[in-house]
Structure formats: C-alpha cells, structure tokens
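Residue numbers (full-length UniProt numbering), protein chains in the order written: chain H, 1 to 52; chain G, 1 to 250; chain U, 1 to 218.
Keep in mind the hints are simulated off the structure, nothing from the lab.
Please note that a few of the clues may not be correct.
Claimed, not checked - List of simulated lysine to any residue pairs, SDA-like, C-alpha gap at most 20 Å:
no., chain 1, residue 1, chain 2, residue 2
1, U, 153, U, 217
2, H, 46, G, 248
3, H, 46, G, 160
4, H, 46, G, 246
5, H, 46, G, 243
6, H, 7, G, 51
7, G, 18, H, 41
8, U, 153, G, 160
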Amino acid sequence: MMPDLGKYADTVLSAYGASILLLIGLVAISLWRGRRVRAEMDALEKRMRRDG
Amino acid sequence: MAASEKLNSLWSYANPRKFLAVTERMLPGLWALSGACLIVGLIWGFFLTPDDYRQGSTVKIIYLHVPSALMAINGWLMMLVMSLIWLIRRHHVSALAARAAAPIGATMTVIALVTGAIWGQPMWGTWWAWDPRLTSFLILFLFYLGYMALWSAIEEPDTAADLTSVLCLVGSVFALLSRYAVNFWNQGLHQGASLSLDKKENVADVFYIPLLVCIAGFVLLFIALVFYRTGTEIRARRIRALEARERAGA
Amino acid sequence: MIALLLRDLRLAVRAGGGFGLGLAFFLIVTVLVPFGVGPETALLSSIAPGVLWLGALLACLLSLDRIFALDWEDGTLDLLATAPLPLEAVVSVKALAHWLTTGLPLVLVAPLLGVLLNLAPQGYLWLLVSLALGTPALSVLGTFGAALTVGLKRGGLLLSLLVLPLYVPSLIFGAEVARRGALGMELTTPLLLLAGISAGVIALLPFASAAVLRVNLR
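Using the sequences and the hints, build the whole thing.
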C-alpha cells in the first residue's frame with residue numbers, strides 16, 4: 001500500500017503532514033468563527049424581533 | 001446592450017443579502033468538489049506517480065508546493081481587485097471579501113514556504129537560502145501580516161476598508177518592486193517556473209495531470225473559503241449594525 | 001508652505017526627543033554590532049555598508065509616529081485639512097521636515113560611524129551618496145505609514161510592521177551601492193535604480209498619503 005519513498009521518506013511525509021495540518025487548521029478556524037458569528041446573529045435577530 | 005446587462009447582473013451580487021443567498025447555495029458543492037479534487041490529486045500524486053530520477057521521492061512535494069505558491073500570489077491579486085472595486089464602486093461585499101481572503105493567502109504563503117524549506121533541505125543541503133523566489137515569498141508574507149494587522153487595528157469598518165485598500169494598492173507596487181530588487185540582489189538556486197506555457201519547460205506529463213488536479217483543488221478550496229469567510233464577515237458587520245441600533249433605541 | 005515647513009522644523013528642534021534620538025540610536029546600533037559579530041576588522045569592514053544602511057533605516061523608523069501625532073492630538077491637522085493648501089502639499093512638507101530633521105543628520109553622521117566599522121576608504125563617498133539618495137524615500141514612505149496609523153492608539157508597532165516591508169527595495173539597492181562602492185566595483189545600475197525608486201516614491205506616494213489622511217480625518 002505505502003509507496004517506497006526511499007531515503008527521503010521523512011522529507012516527503014513531513015511536507016505532506018505540515019501542509020495538511022495547516023489547511024485543516026485554516027478550514028477549522030474559518031468554520032468555527034463562522035458558526036459562532038452566525039449563532040450570535042440569530043440570537044440577536046430573535047431578540048430584536050421580540051423587543052420590536 | 002447585452003454586455004452592460006450582464007455587468008449589471010454581476011454587480012447585483014454586491015448586495016450582501018443576495019451574495020449570502022447565492023453563496024449559501026453554492027458552498028456545499030464547492031466544499032465537496034474542492035475536497036474531492038484535493039483527495040484525488042494528492043492520493044494520485046502521493047501513491048501513483050513514479051519518483052523523479054534526480055530528486056527521488058521528494059518530487060511528490062510538488063503537489064503541495066506549486067498550488068499553494070500559486071494561490072499565495074493569486075490571493076493577493078484577488079485582494080487587489082477587490083480593493084479597487086471597493087475604492088471605485090464602494091460595494092461592502094468586496095471590501096469584506098478582501099479581508100476574508102487575507103488569512104487564506106497568508107496560510108498559502110506559509111505552506112509554500114514550509115514545503116519549500118523541507119524540500120530544499122535534501123536537494124540544496126539547506127533549509128533556507130536567500131534565493132530570490134524564497135525571499136520574495138517571505139516579503140509577500142510580511143505584506144499579508146501588515147494588511148491583516150491594519151484591518152484588526154481599526155474599529156470603524158468603512159475607515160478600515162479604505163485604509164487597507166490603499167495599503168493593498170501601495171503594497172502591490174512594492175511587492176512587485178521587491179521581487180525585482182531581490183532578483184537583482186541574488187541569483188538563486190530555485191528552478192524556473194514549472195508551469196510556463198512553453199511546453200518544453202514543463203514538468204513531465206506523469207506529474208503534470210495530478211498536479212493540475214491539485215491546483216484545481218486548491219483554487220476551489222480558496223474560493224469556498226473566501227465565500228464562507230466573506231459570509232462570516234457580512235454577518236459580523238450585521239451584528240455590529242444591529243447592536244448599534246439597539247443601543248441607539250435604548 | 002514654507003511657513004509650515006519652518007514651523008515643523010522649529011517644533012522638532014525645540015521638542016528635543018526626535019531630533020537627537022535618531023542619531024543616538026544610530027550610534028548605539030553601530031557600537032553594538034561589533035559586540036554581536038566579533039571585533040575582526042576584515043569582517044567588520046565587509047559588513048559595514050549593510051550595517052550602516054540598516055542602522056540608518058531603523059533610526060529613521062524611530063521618529064515616524066511623531067510626524068502627525070502631535071498635530072492630530074491638538075487638532076492642528078483638522079485645520080490644515082481645511083486650509084487652502086492641498087493636503088498632498090501638507091503631506092510632502094511633513095515628509096520633507098522629517099527628512100531634514102532625521103534623514104539628513106543620519107546621512108551626515110554615517111561616514112563618522114563608518115570609521116568605527118573599518119569601512120574601506122573608497123566607500124565613504126558612495127555611502128554618503130547612497131544614503132542621500134535613499135533616505136528621502138524612507139521619509140516619504142514613513143509619512144504614508146504615519147498617515148495610515150494616525151488615529152490609532154499604540155500605532156507605533158503597527159507602523160513599523162507596515163512600513164518595513166515597503167523599505168525593502170530601497171534598502172537592497174542602497175546597501176548594494178554602498179557595498180560596491182566600498183569594493184570599488186561598478187555601481188551605476190543599483191545607483192540609478194535607487195534614485196528611480198526615490199523619485200517615483202516622492203512623486204506618487206504623497207497622493208496616497210493624503211488620501212489616507214482624508215479618510216482618517218473623516
């Protein structure tokens with residue numbers, strides 16, 4: 001299954017690991033902040049409507 | 001006539017509500033497509049391509065290095081266009097899209113730099129060399145940092161949008177200047193562009209097709225993230241407006 | 001316009017601080033370098049042009065936030081903005097005043113500090129020339145940065161983050177001129193590029209600075 005990476009295995013794997021980690025981190029932070037802001041806005045809009 | 005109508009319909013996306021509605025509908029598809037492209041491209045590149053006769057298995061890093069470098073530059077270009085649209089037509093969505101794109105571009109720059117350093121270690125015998133391409137990417141990263149810092153430093157949203165837009169314009173000129181200055185300053189180790197239109201310069205076909213898939217994945221991921229983050233910025237702006245109204249009413 | 005220039009110069013001299021501070025900073029940086037890299041004369045003389053350029057650049061940075069800060073606090077800037085003088089001219093005059101009080105003294109004192117770092121004898125002239133051509137661009141770019149951050153509390157750190165990347169081309173070509181001058185090499189190309197950058201920056205950037213200042217005064 002795993003391809004033979006030869007003597008550069010560490011190099012290739014760490015490059016992939018670091019990049020994928022960074023990408024996942026970016027997406028996770030974006031989603032997390034997006035959820036929070038959306039929830040906050042929904043709550044605020046509900047409150048505004050109730051108070052008129 | 002038709003052309004101007006088309007333009008008008010394009011500008012209608014500058015309405016935040018319409019932008020949110022449309023991107024909301026597009027986002028699931030975009031996420032799925034970009035994820036699919038990335039997974040297919042990276043697995044293809046990682047497991048199914050041969051080693052390069054000179055660079056060995058390190059050639060597999062190209063599937064991350066080239067697309068991220070590409071998006072680092074195109075991210076800044078996109079911010080430049082959005083800044084110009086904001087300064088000329090004053091559509092809030094474009095200013096917010098520029099803001100949303102900056103951290104993505106900065107991350108892409110980091111990925112390009114990190115993969116480049118890891119790749120450079122066995123190939124050139126050093127993690128870092130003050131090579132023109134590497135150095136100008138580092139400078140680009142500094143510009144991203146300054147741009148984001150200015151956005152977060154200013155309270156008033158329209159002022160922030162104006163100031164960062166001007167900074168983006170001036171920064172673009174200087175990023176370009178630095179690129180040439182750095183070229184002059186040091187001839188480098190880095191090879192030329194791997195994807196020029198001149199076919200002779202290109203990497204071999206075995207590497208080329210999965211590379212294109214990866215690039216498509218990065219582009220789609222960038223678009224999806226920009227849409228999503230712009231939506232977040234629009235909502236954050238709306239929260240501010242609602243809170244201000246609430247305070248004024250109370 | 002001249003009245004404004006004279007006023008700024010008087011303020012800078014009288015308020016102390018900024019005027020001597022840049023020079024003192026430049027001196028200290030130059031003195032600290034041998035402690036950091038060791039006292040060998042050959043090494044020092046080979047890095048002297050770059051170190052002197054870098055020191056001058058950092059010293060220039062030090063007084064940037066004072067360009068608009070005082071006038072912003074006491075409301076003079078609002079008056080200047082409504083005065084018949086275009087804001088572009090105000091910004092240019094401010095940059096000129098900053099250069100006269102910070103850049104010019106740095107240029108003049110740099111050869112003296114070159115002695116400390118064993119600068120090669122033929123390098124003094126070109127160090128002087130490159131700094132004289134380059135520092136005006138540093139002042140104008142700094143004015144742009146100061147205009148961006150004028151209304152902010154704790155804008156100083158942000159100001160350096162914004163301005164330093166803009167200094168890269170000037171630093172590269174300026175230090176290159178000084179280095180080649182010290183080695184007695186051909187230096188027309190970097191000299192022309194350095195002068196070109198300064199000319200372009202002086203001609204165009206005041207418009208950006210004035211635009212930014214208008215936004216901040218809105």
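Verification of the supplied hints:
no., hint, result
1, U:153 - U:217, "holds (15 Å)"
2, H:46 - G:248, "holds (18 Å)"
3, H:46 - G:160, "violated (29 Å)"
4, H:46 - G:246, "holds (13 Å)"
5, H:46 - G:243, "holds (13 Å)"
6, H:7 - G:51, "holds (12 Å)"
7, G:18 - H:41, "holds (17 Å)"
8, U:153 - G:160, "holds (15 Å)"
Hint 3 from the earlier list is the only one contradicted by this structure; the remaining hints agree with it.
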